[in-house]
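**Student:** Sequence:
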Amino acid sequence: HCPPLPTAPCAATLPRYPLPNPNPNPSSSPASLGFFAVATPPAPLAGRRAQALMALAGPSHLLSSSSACLRRLNPLLFFAHRRPAWTPRRAAHRFCAAVASERDVFTSPEVAKSFDFISEERIYKWWESQGFFKPNFDRGGDPFVIPMPPANVTGSLHMGHAMFVTLEDIMIRYFRMKGRPALWIPGTDHAGIATQLVVEKMLAAEGIKRADLTREEFTKRVWEWKEKYGSTITNQIKRLGASCDWTRECFTLDDQLSHAVVEAFIRLHEKGLIYQGSYLVNWSPNLQTAVSDLVCEETTSFFN
Numbered sequence: 001h002c003p004p005l006p007t008a009p010c011a012a013t014l015p016r017y018p019l020p021n022p023n024p025n026p027s028s029s030p031a032s033l034g035f036f037a038v039a040t041p042p043a044p045l046a047g048r049r050a051q052a053l054m055a056l057a058g059p060s061h062l063l064s065s066s067s068a069c070l071r072r073l074n075p076l077l078f079f080a081h082r083r084p085a086w087t088p089r090r091a092a093h094r095f096c097a098a099v100a101s102e103r104d105v106f107t108s109p110e111v112a113k114s115f116d117f118i119s120e121e122r123i124y125k126w127w128e129s130q131g132f133f134k135p136n137f138d139r140g141g142d143p144f145v146i147p148m149p150p151a152n153v154t155g156s157l158h159m160g161h162a163m164f165v166t167l168e169d170i171m172i173r174y175f176r177m178k179g180r181p182a183l184w185i186p187g188t189d190h191a192g193i194a195t196q197l198v199v200e201k202m203l204a205a206e207g208i209k210r211a212d213l214t215r216e217e218f219t220k221r222v223w224e225w226k227e228k229y230g231s232t233i234t235n236q237i238k239r240l241g242a243s244c245d246w247t248r249e250c251f252t253l254d255d256q257l258s259h260a261v262v263e264a265f266i267r268l269h270e271k272g273l274i275y276q277g278s279y280l281v282n283w284s285p286n287l288q289t290a291v292s293d294l295v296c297e298e299t300t301s302f303f304n
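The sequence shown maps to residues 1 to 304 in full-length UniProt numbering.
Hints were generated in silico from the structure; no laboratory data involved. There's no promise every hint is true.
[Stated by the list, open to error] Mimicking DSS-like on lysine-lysine, the simulated pairs with C-alpha atoms at most 27 Å apart in a straight line are:
#	residue 1	residue 2
1	Lys-178	Lys-220
2	Lys-201	Lys-228
3	Lys-125	Lys-226
4	Lys-134	Lys-178
5	Lys-201	Lys-220
6	Lys-226	Lys-209
7	Lys-226	Lys-201
[Unchecked claim] Distance ranges between label pairs, derived from CB positions:
#	residue 1	residue 2	range
8	Met-177	Val-295	33 to 43 Å
9	Tyr-229	Lys-125	39 to 49 Å
10	Ile-274	Gly-141	18 to 28 Å
11	Leu-253	Cys-296	22 to 32 Å
For glycine and all other residues, C-beta sits at the position ideal for the given N, C-alpha and C.
Work out the full structure: start from the sequences and follow the hints.
**Tutor:** Encoded structure:
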């Protein structure tokens, strides 16, 4: 919002150092229109108020070029842009041209949709080499730890990944700057069914069926695929600038995590929180396994 208009022209401000109009024909240049509204000597109060209202109601370029309305209404804000009385006329023209050229800022070409991030990878590698993401728990303080929700090793980043990586990175960097030992543990999920489908398609392209392989042979091909293609999503997370401690990267089939899952299920069973029973499940005849409700789409309703 513009500040209130003064009740009378200020003799110590704009009338003392009037700026020339850089464009003799103000109607030929939107930026000159905005500048001319600022540079002219103060009009009577009613005329000045009308000019301000016209500027506010007019096209956006009247305001964006040099904030004409704000500087016109409050001479004190315009003080830094006025030409002193001793300034040579040639310098004044250069000054006017510089202010009027502000329109170039608003007409410059936009950044291309396909932008090559040249420096980010180099800077990120330097961050890692300096150990900026490794917390020092020996210094004391209350640790702040986030285990990253593991993304599927078969996939690539989408907007959901970018959102949670951004939010968690904000929290980790915030507590790190406060001096607390902050640890962000990255990881990936083996995504059993999705990985199996991808590997089976790869085998089919070679003319091999899963039934032709033993369990050990198929498992070996799955691990070979994971080592070759499973780092895609990890590299994408790094390109987002996530400040994870990659020396602690986890995989859901790591021995330590597998033992932790088994231990958790045993404790839950001992407490009676999980039990085995006979229930209807979603069975895939193609995959020969039960699948979650989340990956099933009901095409025939029981209520129709």
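**Student:** For every hint, state whether the structure bears it out.
**Tutor:** For each hint, the structure was consulted:
Taking the CA atoms of Lys-178 and Lys-220, the gap is about 46 Å. The hint is violated against a cut of 27 Å. Only pairs whose Cα atoms come within 27 Å are accepted, and Lys-201 paired with Lys-228 is accepted, the gap being roughly 16 Å. Of the supplied pair hints, the one linking Lys-125 and Lys-226 holds, its CA atoms being roughly 24 Å apart against a limit of 27 Å. Annotation: proposed proximity of Lys-134 to Lys-178 holds, straight-line Cα distance about 15 Å (limit 27 Å).
A C-alpha spacing of about 15 Å is found between Lys-201 and Lys-220, which places the hinted pair at or below 27 Å, so the restraint holds. Of the pairs offered as hints, the one joining Lys-226 and Lys-209 holds, with about 19 Å between alpha carbons and a cut-off of 27 Å not exceeded. A C-alpha spacing of about 14 Å is found between Lys-226 and Lys-201, which places the hinted pair at or below 27 Å, so the restraint holds. For the pair Met-177 and Val-295, the supplied restraint of 33 to 43 Å holds, since their beta-carbon distance comes to about 41 Å.
For Tyr-229 paired with Lys-125, a C-beta distance near 22 Å fails the hint of 39 to 49 Å. With their beta carbons about 37 Å apart, Ile-274 and Gly-141 fall outside the hinted range of 18 to 28 Å. Look at Leu-253 against Cys-296: about 25 Å separates their beta carbons, and that is inside 22 to 32 Å.
Going through the hint list in order, the structure does not satisfy hints 1, 9, 10.
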